[in-house]
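Protein chains in written order, with this note's numbering: chain P, 59 to 526; chain G, 59 to 526; chain D, 59 to 526; chain U, 59 to 526.
Zero decoy hints are in this set.
For chains that are exact copies, the list does not tell them apart, and a pair is met inside one copy or across any two.
Dumping the calculated DSSO-like pairs for lysine-lysine here, alpha-carbon to alpha-carbon at most 27 Å:
no. : residue 1 : residue 2
1   : LYS448    : LYS272
2   : LYS248    : LYS517
3   : LYS272    : LYS491
4   : LYS465    : LYS425
5   : LYS522    : LYS248
Hints listed in this document are in silico derivations from the structure and should not be mistaken for laboratory results.
These figures come from a predicted structure and were not determined experimentally.
Number of protein chains: 4
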Amino acid sequence: MANRDIFSNLSPWDHRYSLREDEFSSLSGFFSENAGIKYQGKVELALIEELAEREICPQKGVEELKKALDNLKPEEVYKEEEKTRHNIRALVNVLARGVSEEIRPYIHLSATSMDIVDTANILRYKKAHQKIIDPLFVIIIKLLLELARREKETLQVGRTHGQHAVPITFGFALAGYLDRIGRAREDCLKRSQELCGKMAGAVGAYNASSILVKDPLNFENKIMARLGLNPAPISTQIVPPEFLINYLHSLVVAMGIIADFADDMRHLQRTEIGEVGEFFSKDQVGSSTMPQKRNPINYENIKSLWKTIQPRMQTVYMDQLSEHQRDLTNSASSRFYPDIPIGLYLALNRLKRVLEKFSVDRDAMLKNLNLSQDLVLAEPLYIALAGRGKPDAHEIVRKLTLEAREKGVGLHEVLSEKKEIQKYLEEMTGEQKHILEDPARYTGLSREKTEIICDYWEKRMEEKQGEK
Amino acid sequence: MANRDIFSNLSPWDHRYSLREDEFSSLSGFFSENAGIKYQGKVELALIEELAEREICPQKGVEELKKALDNLKPEEVYKEEEKTRHNIRALVNVLARGVSEEIRPYIHLSATSMDIVDTANILRYKKAHQKIIDPLFVIIIKLLLELARREKETLQVGRTHGQHAVPITFGFALAGYLDRIGRAREDCLKRSQELCGKMAGAVGAYNASSILVKDPLNFENKIMARLGLNPAPISTQIVPPEFLINYLHSLVVAMGIIADFADDMRHLQRTEIGEVGEFFSKDQVGSSTMPQKRNPINYENIKSLWKTIQPRMQTVYMDQLSEHQRDLTNSASSRFYPDIPIGLYLALNRLKRVLEKFSVDRDAMLKNLNLSQDLVLAEPLYIALAGRGKPDAHEIVRKLTLEAREKGVGLHEVLSEKKEIQKYLEEMTGEQKHILEDPARYTGLSREKTEIICDYWEKRMEEKQGEK
Amino acid sequence: MANRDIFSNLSPWDHRYSLREDEFSSLSGFFSENAGIKYQGKVELALIEELAEREICPQKGVEELKKALDNLKPEEVYKEEEKTRHNIRALVNVLARGVSEEIRPYIHLSATSMDIVDTANILRYKKAHQKIIDPLFVIIIKLLLELARREKETLQVGRTHGQHAVPITFGFALAGYLDRIGRAREDCLKRSQELCGKMAGAVGAYNASSILVKDPLNFENKIMARLGLNPAPISTQIVPPEFLINYLHSLVVAMGIIADFADDMRHLQRTEIGEVGEFFSKDQVGSSTMPQKRNPINYENIKSLWKTIQPRMQTVYMDQLSEHQRDLTNSASSRFYPDIPIGLYLALNRLKRVLEKFSVDRDAMLKNLNLSQDLVLAEPLYIALAGRGKPDAHEIVRKLTLEAREKGVGLHEVLSEKKEIQKYLEEMTGEQKHILEDPARYTGLSREKTEIICDYWEKRMEEKQGEK
Amino acid sequence: MANRDIFSNLSPWDHRYSLREDEFSSLSGFFSENAGIKYQGKVELALIEELAEREICPQKGVEELKKALDNLKPEEVYKEEEKTRHNIRALVNVLARGVSEEIRPYIHLSATSMDIVDTANILRYKKAHQKIIDPLFVIIIKLLLELARREKETLQVGRTHGQHAVPITFGFALAGYLDRIGRAREDCLKRSQELCGKMAGAVGAYNASSILVKDPLNFENKIMARLGLNPAPISTQIVPPEFLINYLHSLVVAMGIIADFADDMRHLQRTEIGEVGEFFSKDQVGSSTMPQKRNPINYENIKSLWKTIQPRMQTVYMDQLSEHQRDLTNSASSRFYPDIPIGLYLALNRLKRVLEKFSVDRDAMLKNLNLSQDLVLAEPLYIALAGRGKPDAHEIVRKLTLEAREKGVGLHEVLSEKKEIQKYLEEMTGEQKHILEDPARYTGLSREKTEIICDYWEKRMEEKQGEK
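Please model the entire structure based on the sequences and the hints provided.
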């Protein structure tokens with residue numbers, strides 16, 4: 059029963075997206091049922107260690123439980139659950155069979171299921187973040203930082219509404235993403251560190267533990283400390299859901315930034331634009347019927363993963379409501395929350411791969427910029443005129459562009475015929491004239507801002523590295 | 059690579075919810091990657107059959123491809139995909155290796171990937187609906203029908219806002235669910251039958267097939283007919299998404315009805331209400347720490363599955379937008395649509411199990427009704443008074459109930475002192491007096507309507523059966 | 059209190075989007091609170107008419123209530139509600155004051171609030187659909203039909219993944235939208251016609267009416283018939299929610315198609331593509347600082363309205379669950395459902411305006427198609443070769459395109475050097491050769507399918523017109 | 059045009075929910091179109107002040123613009139927009155007409171529309187939070203704090219799965235909500251303070267301002283400082299969306315906690331439970347047909363507002379993607395984001411009103427607790443037995459409860475017959491025996507934890523008060 063052809067699995071996580079062994083193993087180490095049970099075992103162990111330290115349970119209980127955990131097989135737990143219909147009681151029964159009769163009563167003692175389940179889950183999210191998600195963020199931030207510096211001089215037209223606006227450099231555009239992802243990473247990390255557990259019993263009021271120990275709050279504190287967690291400030295049967303909601307939200311926001319980036323790159327790869335490219339291997343097929351196609355499949359995949367997991371926040375929000383000391387209408391739904399870190403992890407991994415081989419067609423960027431070269435002049439001309447005090451500067455320039463468009467000539471040409479404007483042009487600073495001569499110079503602080511942002515994140519990453 | 063411990067899987071579908079072998083096998087037969095590839099093979103076969111019938115491809119092509127499909131192993135396709143980075147080209151390459159060189163060029167000929175993928179997927183949804191989902195609906199409708207008839211006389215207080223309103227019978231409440239599920243079932247079935255496929259090529263304009271055959275529309279028609287499908291009225295690279303959106307919506311609506319039912323039963327099982335119960339086995343554990351608990355875990359699970367899958371409609375709605383003749387930003391997301399039928403199937407199965415052992419505590423229902431017995435009088439009294447033309451009847455009765463509440467006595471008692479009302483009471487019909495004597499008689503058409511609804515669905519189910 | 063500067067309003071519906079008087083008045087006639095109360099009055103009137111017909115209420119009641127309704131002012135109802143805290147009881151009290159004392163008890167007699175509210179709302183949705191939404195659909199379908207015919211010969215490159223695929227005609231692309239919107243329109247209309255009301259009392263069991271009349275089902279039927287509605291098959295305090303859910307879903311689906319169209323047009327308007335344009339008036343400003351800009355603001359607005367209203371389905375789905383004979387946790391949320399028809403109406407109106415002045419740049423389409431002219435050859439070449447039985451045709455052509463790309467020459471050129479392929483080329487049909495000479499001819503059935511679809515909808519619209 | 063009967067408005071915000079003048083005025087001061095234009099004026103003013111300080115614009119420009127802003131009428135802007143089809147250019151034109159010709163060119167100089175719009179909106183959210191939302195949080199936190207202390211001794215049964223679990227005090231349950239809302243308030247406040255603006259021009263690269271001033275970053279900084287804002291670290295045409303997304307999310311999370319509270323209270327108000335009550339005025343009508351009804355309408359309304367606004371986060375998440383330097387597909391959708399703070403504000407206000415008159419029926423709580431008194435014993439008995447080392451304690455107690463249930467007697471009774479258990483009972487501590495005698499004593503740390511939480515928040519609120 060316990061082994062199965064992966065192609066029989068139902069979820070794309072477990073067939074389609076499980077075939078890069080390194081990715082899958084990393085994820086499975088935290089989000090599989092094996093991992094779930096392993097982490098539940100860690101919590102049971104922390105509990106018995108505390109009971110032993112307080113001499114409630116015999117000392118040998120700790121070693122016995124460790125051994126029982128080493129031998130634990132999920133299929134046994136599931137088999138036991140067929141009888142108990144209760145997964146944690148099943149786990150406890152199986153563990154009890156693995157220890158001596160003397161130790162048996164102390165396993166799980168004073169805990170309610172959710173003390174174990176909630177704490178174990180929180181631990182999984184926190185550890186997975188620390189071990190596999192955050193390191194990927196770090197790599198991507200570094201890759202973006204390098205690319206932004208590399209492309210900081212690369213001219214590109216800025217686009218708003220899909221229309222040419224005024225020039226930037228491509229490095230500047232990348233620096234924008236760098237900063238957004240940098241901040242998102244810090245938010246995710248902070249939210250992961252705020253996750254907390256509980257050992258407060260069936261309704262959160264330490265009813266059971268107060269029968270057993272004199273200092274139930276300290277008892278809880280010490281068990282959590284053994285796991286590297288803080289206890290929730292106050293619980294019901296469950297940890298207040300907001301900590302996890304905020305963490306999952308932070309992941310969804312990070313995913314949105316990546317999807318936004320992917321969407322931009324996807325459009326820059328359009329046949330008519332052609333400014334960036336995904337690496338394309340020699341054997342790769344673009345279409346099963348059109349042999350010439352080169353599709354932005356990695357960026358498409360990233361955007362699609364975003365569409366897959368982002369709406370799942372809705373389930374998380376719905377589960378925020380739990381009647382009284384809890385209902386269990388999140389029994390199934392909360393089991394699917396790992397979809398969110400899984401999807402993000404896969405997207406980050408995919409992004410890493412494309413950024414490592416990121417190709418920019420600088421000629422295409424220049425060619426596209428030149429398409430609108432003359433019209434780009436409109437804004438600096440208006441600013442320069444208005445800055446000199448020319449009334450109705452915006453309206454005058456707007457009409458000049460209409461005239462240029464109608465006549466099919468450049469703005470320069472139309473401009474040269476306007477005597478009343480020439481006066482203002484002559485008064486301009488050298489810098490202003492310089493830009494009006496060649497709109498490609500009209501890039502504002504693109505380079506400087508790129509540097510500022512890159513320097514900031516370089517330093518920031520080093521600091522954070524130092525903190526660890 | 060292809061075999062794996064199920065407890066290593068990431069998705070609860072593939073560990074937690076995959077252990078009832080019968081459920082899992084049914085689902086896997088339609089929604090696994092094995093099934094995906096198998097159904098893609100069916101479409102490729104229908105294509106070559108048509109090519110052979112038209113003598114474009116040699117006759118033996120059909121048999122050769124059949125054999126190749128019999129031998130097809132998903133892992134081979136995935137291995138080939140590592141090279142092609144294109145799943146359908148990989149499938150075609152693998153199939154090509156399984157046939158003679160002469161036949162090779164005819165495999166997939168004129169088709170674009172999405173002709174195969176979209177058509178195969180549609181076929182899976184349609185067949186899964188017909189084979190495993192609809193039959194469950196039929197069972198549940200019959201169970202509800204029996205229960206509604208069985209409980210048609212069982213007195214229960216109607217509740218609005220969680221407050222006692224006026225009496226119904228429990229069968230009447232069940233008949234409401236019966237009717238809603240009955241209609242939802244028909245909607246799902248209809249929407250599943252409307253699903254359609256395509257063989258219209260890379261941009262939907264039959265470019266490739268028009269090079270190959272003189273009658274591409276008929277060519278498409280005949281291939282679809284071999285698969286039991288209609289072709290889409292017009293396509294791009296993909297079938298217009300609305301057919302599938304409407305189908306998935308119909309499932310989500312059905313799921314909502316079941317969740318509503320589960321939620322009601324959950325509340326009727328509250329300790330203070332206790333009107334219905336889930337079957338509880340002798341060995342079953344309610345809580346790992348509170349041995350006395352009997353939790354409505356099946357209903358909780360059903361509601362939770364609803365919270366799991368309902369928000370996934372959002373992804374489906376988002377994927378409705380696909381640029382021009384299509385983008386591929388639904389590459390990952392659409393692979394998860396089966397979550398919706400999977401979740402519904404599991405919920406229906408769960409519901410079937412609880413309905414089969416559905417227990418009603420009629421005494422508790424009566425006891426609860428009696429809690430408010432006297433106050434329930436308020437409505438018929440008001441109606442009877444107003445129906446006799448008594449001005450301000452509603453206001454008068456409202457004040458009587460306040461008075462009764464303040465004095466802590468029954469409405470009857472307060473009423474007996476009001477001379478000006480007595481006059482109206484005496485004028486009432488026998489039936490009206492009869493009800494005022496015992497509010498438990500104030501159940502309106504609960505019984506009759508239950509019968510009408512049950513008769514309707516009994517007949518309807520027979521008709522539908524006959525149609526098949 | 060009752061008058062207010064519209065710019066003080068909170069909702070964009072009531073300031074930003076309320077300034078085209080014709081649009082606003084149409085919507086306000088159905089979805090304002092004035093309309094809400096007016097429609098509730100219609101239901102109260104239908105009830106008293108039936109009571110009068112049955113001689114339960116004196117005949118003059120009907121005329122008295124009609125007059126009271128004519129004089130009804132929403133602010134009076136709201137003022138009364140401050141006292142009653144119950145909106146329908148407030149309405150009934152105000153109406154009662156408008157009739158003689160003799161008639162007073164008969165107003166609202168046997169009805170529960172939700173008999174009035176649910177029925178009135180259903181009536182508003184149904185009428186609004188019939189009067190203002192469906193007619194807009196009809197106009198848009200006709201506009202698309204004309205445009206599709208007009209552009210049926212206009213060559214355009216088909217695009218998948220944002221990459222050039224193979225040619226279509228622009229009319230064919232429009233025909234795809236025509237068909238999708240045509241079907242969506244029919245679905246919306248059907249779902250609006252299925253909406254039904256109720257007069258079944260506080261818990262749906264006709265408790266109150268069964269005290270008053272002998273035939274409560276017929277009583278309900280006749281009241282509904284006066285309003286042009288069917289009664290729900292069975293109710294609780296409320297009409298089963300699925301009818302309205304399905305109707306609102308059908309609107310959201312229609313909105314998605316329009317948004318998809320808008321998104322396509324937006325991209326076709328990109329500076330580098332420039333294939334279509336929105337009408338742009340002489341005084342219109344594209345940007346407050348870049349006088350040359352011409353932005354696709356209408357298409358942006360349509361897509362944005364989609365993003366506004368589509369997620370509101372989530373609220374509708376959540377409200378499907380209502381405890382027992384109902385809870386009132388949809389009290390506020392269901393008041394916002396009209397957001398969905400309002401948003402759709404505004405989007406349809408906007409679409410109508412852009413379609414009426416829809417401009418196509420056929421030269422730009424041709425220029426773009428020519429960008430990839432030679433590569434477009436790849437597919438027909440592959441099909442032609444494979445159709446002749448050439449083994450590995452796809453792989454051969456794929457390599458040819460790589461070779462052409464590397465050498466920077468056309469596919470024709472590379473092809474001319476390949477002797478082993480020439481043989482197959484010579485065997486081709488005249489039609490095939492004709493296409494290979496000029497890929498612009500490779501448009502498949504674009505024209506024919508456009509005609510078929512246009513003919514279908516032309517006829518269909520006439521039939522539907524006839525049905526009315 | 060500009061005045062309208064509020065009952066003609068479309069949005070419930072602007073009819074139904076706009077009638078408490080104080081609530082509406084507060085909201086309208088930030089979220090109406092009047093407020094929008096007023097805040098845009100503030101940003102234009104800050105810009106001209108900076109231009110004047112730098113002597114780019116004549117000094118009198120500031121006073122002239124102030125006067126023009128004082129005279130500004132939204133309807134004029136809208137009228138101008140009919141011509142320009144661009145709202146900010148319309149505003150600028152109207153303002154220009156209000157100043158001397160000399161000043162005219164300096165209005166809006168170097169800014170792009172979104173510099174004004176984004177910054178003005180951010181300012182509105184931030185100010186509204188500070189002025190009207192956060193103060194309500196403070197009131198509610200104080201009310202909950204008082205109630206938690208007041209009810210800290212009030213015995214109540216803890217409920218999980220809707221089933222009686224073990225006792226708590228009602229104050230403890232309230233303390234849980236206090237802590238969750240306290241934290242949510244701090245998160246909202248922090249997120250509101252992180253909101254930032256921009257004056258970085260059309261594509262975020264300071265193209266225009268770099269033509270005008272030598273230090274565009276400082277120029278932006280100083281303008282933002284005049285408004286009490288920080289500039290975004292880097293922008294495109296718009297401020298990076300994450301700041302606002304995180305702020306709106308924090309509101310939705312706070313709303314979820316309130317909804318959870320409302321849902322609990324709603325259920326505690328069920329007829330069979332009756333533990334808490336909403337204040338009910340003498341004239342208030344519970345049902346239009348059932349005069350005895352007392353419905354939890356305030357809690358229903360709060361939950362319903364949550365269902366209204368929570369899904370609107372979906373729109374916010376979707377708008378996170380904006381192509382290149384921005385597209386405008388958030389033009390309509392982002393205008394509706396204020397729905398989220400509006401809904402929260404109304405819910406908080408409603409909550410405030412119910413908490414101010416919050417009534418608890420302590421007798422009912424005790425009566426309900428006693429329903430399960432004996433069974434509540436199960437947990438402490440199991441803990442006490444296991445804590446003494448009794449093997450299989452859980453299983454033994456589980457069977458005792460089954461036996462008690464079957465025999466219809468108390469657990470004490472069954473227990474008294476079990477000799478082998480008596481031994482363990484005798485060994486228990488005095489405290490343990492004390493609890494076993496009266497399960498109502500089995501409340502764990504309910505009182506202590508309530509005090510700890512209340513003390514924490516009392517101090518925390520004072521500190522925060524001091525910080526201001």
